[in-house]
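So you can see what is in the structure, the chains are spelled out below.
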Amino acid sequence: MDVAASRPRRRFGPALTLVVAVAVAGVALWVGMSLGSSPPPTFQERVQAVAAGLRCPVCQNLSVADSPSELAQQMRADIGSRLRAGQTPQEIRQFFVSRYGTWILLSPPRHGLGILPWATPVAALVAGGLIVASVLRRRSRAGPSAGEPLTASERERIRREVADLEEPD
Amino acid sequence: MTPEDRSPPDRRWRWAAFSLVPIVGLAALLGFGLGRNPREVPSVLVGRPAPAFALEDARTGQQVRLADLRGHVVVLNFWASWCADCVTEHPSLFAAWQRYGDGGAVFLSVLYQDREDAARSFLRRYGQGWPDLLDPGGRTALAYGVSGVPETFFIGPDGRIAAKQAGPSSYGLLVSRIRSLLPAENPA
Chain A
329 MDVAASRPRR
339 RFGPALTLVV
349 AVAVAGVALW
359 VGMSLGSSPP
369 PTFQERVQAV
379 AAGLRCPVCQ
389 NLSVADSPSE
399 LAQQMRADIG
409 SRLRAGQTPQ
419 EIRQFFVSRY
429 GTWILLSPPR
439 HGLGILPWAT
449 PVAALVAGGL
459 IVASVLRRRS
469 RAGPSAGEPL
479 TASERERIRR
489 EVADLEEPD
Chain B
264 MTPEDRSPPD
274 RRWRWAAFSL
284 VPIVGLAALL
294 GFGLGRNPRE
304 VPSVLVGRPA
314 PAFALEDART
324 GQQVRLADLR
334 GHVVVLNFWA
344 SWCADCVTEH
354 PSLFAAWQRY
364 GDGGAVFLSV
374 LYQDREDAAR
384 SFLRRYGQGW
394 PDLLDPGGRT
404 ALAYGVSGVP
414 ETFFIGPDGR
424 IAAKQAGPSS
434 YGLLVSRIRS
444 LLPAENPA
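Those sequence lines, one after another, are chains A and B. Oh and the first sequence: position 23 is 351 in the numbering used here, straight run, nothing missing. Oh and the second sequence: position 39 is 302 in the numbering used here, straight run, nothing missing.
Be aware that a few hints might be false.
As the list claims (entries may be wrong) - Now the in silico label distances, taken between C-beta atoms and shown as ranges: (1) B:D348 with A:A405: 21 to 31 Å; (2) B:P285 with A:A480: 32 to 42 Å; (3) A:L444 with B:W345: 37 to 47 Å; (4) B:P285 with A:E476: 31 to 41 Å; (5) A:F371 with B:F281: 26 to 36 Å.
Because the hints were derived from the structure by calculation, they are not lab data. Every residue gets a Cβ at the ideal spot worked out from N, C-alpha and C, and that includes glycine.
Construct the complete structure from the given sequences, taking the supplied hints into account.
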């Protein structure tokens, strides 16, 4: 039998498995996040939710929700009075951005330059997936057909060794 | 010769060089970030209308409204008696007020996260002739994006914030900022 002639079909299996696994993980994460909070949040929780997205200006890597500083306390009180006045969390965030800049947001905005930190991991994941898929495809293509065709003596040796394996005595 | 025929080491070098690009880019970005002062909060208010306020003067009990000061240069200083830099800054503010207080510039101080009695004894000791405003709940400080004291805002006659100084202002800085905002015929 000519080994070179019996090239198997391209194996997309591993790449496809990877794509499906990533898609399933993404959907599971999204469902899990959207089902996270069932009872309606209390007023304090609403204040904390807004404060958690704002950076404490006098701390290192602490949110307004987590900081015990006096400024963070004043900011939480301000958030509370704005919520009571009927402002939405988005309007309150916008107020702080208009006074401190986008620097005040712990998560960068999803527009303008702020899109970069959001898009980079996705782009890196896609690029990594493409690289893995191309390597797998190349290996599956190169595997059985690599190198020179077997010589008659090599083929004879393989046949002998396989026969030995099947009949050890 | 097709790309398939290219020797493996050649391709490997190309891949190595290619994958170094994002790593070097990321390292450069991090290096740039590390070189900057993490406490420096850039002000987005410069060039925009100064947020309005109506605050009580701790000395006279009178209300001071920013809207009433349109047409004047306003030097708005956030300070506290517990702040060491404010002690350093005070003589400069005092000297600038003596020079420009009657010449078109209005000086206002806003007490930041401090007790009224502590502020009063500070001012008795170091002297002050301009209003010292009380800011209950720090709402005016938040409206100005203040993140520490001292911070000084220079408001032009048009009611817009022309400049902000985070940290102590020197006499020279105060004078040059005020002069740049005063009408040309009245630079004192």
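Against which earlier hints does the structure fall short, listed by number upward? 2 and 5
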